[in-house]
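Those letters in the sequence shown? Residues 1 to 142, by the UniProt record's numbering.
I should point out that these hints are in silico values taken from the structure, not numbers from a laboratory.
Fair warning: there could be bad hints in the mix.
Said to hold, decoys possible - In the DSSO-like style, the derived pairs of lysine-lysine whose C-alpha atoms are separated by at most 27 Å in a straight line are:
1. 96 x 127
2. 139 x 80
3. 85 x 137
4. 27 x 85
5. 27 x 98
6. 142 x 80
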Amino acid sequence: MNIFKKIVMLPVGLALGLVGCSAGSSKTYILTTTSFNYDPSYRTYDVLLNEELIGSGGTKRSAVITGPQYVTWGQTNIRKQHVAKNIPYLTKEDLKGKSYLAVHLYPDDSVEITLTDSESMPNATQKGLEWRNKLRKEKNNK
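Whole structure, please, built from the sequences with the hints as guidance.
As structure tokens, this is what we get:
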């Protein structure tokens, strides 16, 4: 009986283990990435999505994986490192057929990810434009 377990159960156990691992694995997509910063008081640098540099206002071809998206970025004028307070989640369905990914960096350190499947660049979000206008008005009223 001991030999039966070793001969039959070991390969079956390994096969089931591999199936379990592959079911939860991430898929990688190559997209043109960019970022939008809506805080007019500083410029961003080193915008990272899951530790992959995605561009700080310009565009870059980047590897994007499914699952949680951890975003960090630098602030030029005081060399501060920002960490997004929310964690967007991307699925295979979100990324399938998309060409561009934009990370929108809001002044409250929250982020939003938008995806486009067109040949044109992503646009600024309404939320971001409202943030920027509010901050500019506050600065001008001082």
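Here is how each hint holds up against the structure:
The straight-line distance between the Cα atoms of residue 96 and residue 127 is roughly 25 Å, inside the 27 Å bound, and the hint therefore holds. For the given pair, residue 139 sits about 21 Å from residue 80 by alpha-carbon distance, which is consistent with the 27 Å threshold. A C-alpha spacing of about 25 Å is found between residue 85 and residue 137, which places the hinted pair at or below 27 Å, so the restraint holds. At most 27 Å may separate the alpha-carbon atoms for a hinted pair to count; residue 27 and residue 85 meet this at roughly 24 Å.
With a C-alpha separation of about 14 Å, the suggested pairing of residue 27 with residue 98 holds against the 27 Å cut-off. Only pairs whose Cα atoms come within 27 Å are accepted, and residue 142 paired with residue 80 is accepted, the gap being roughly 24 Å.
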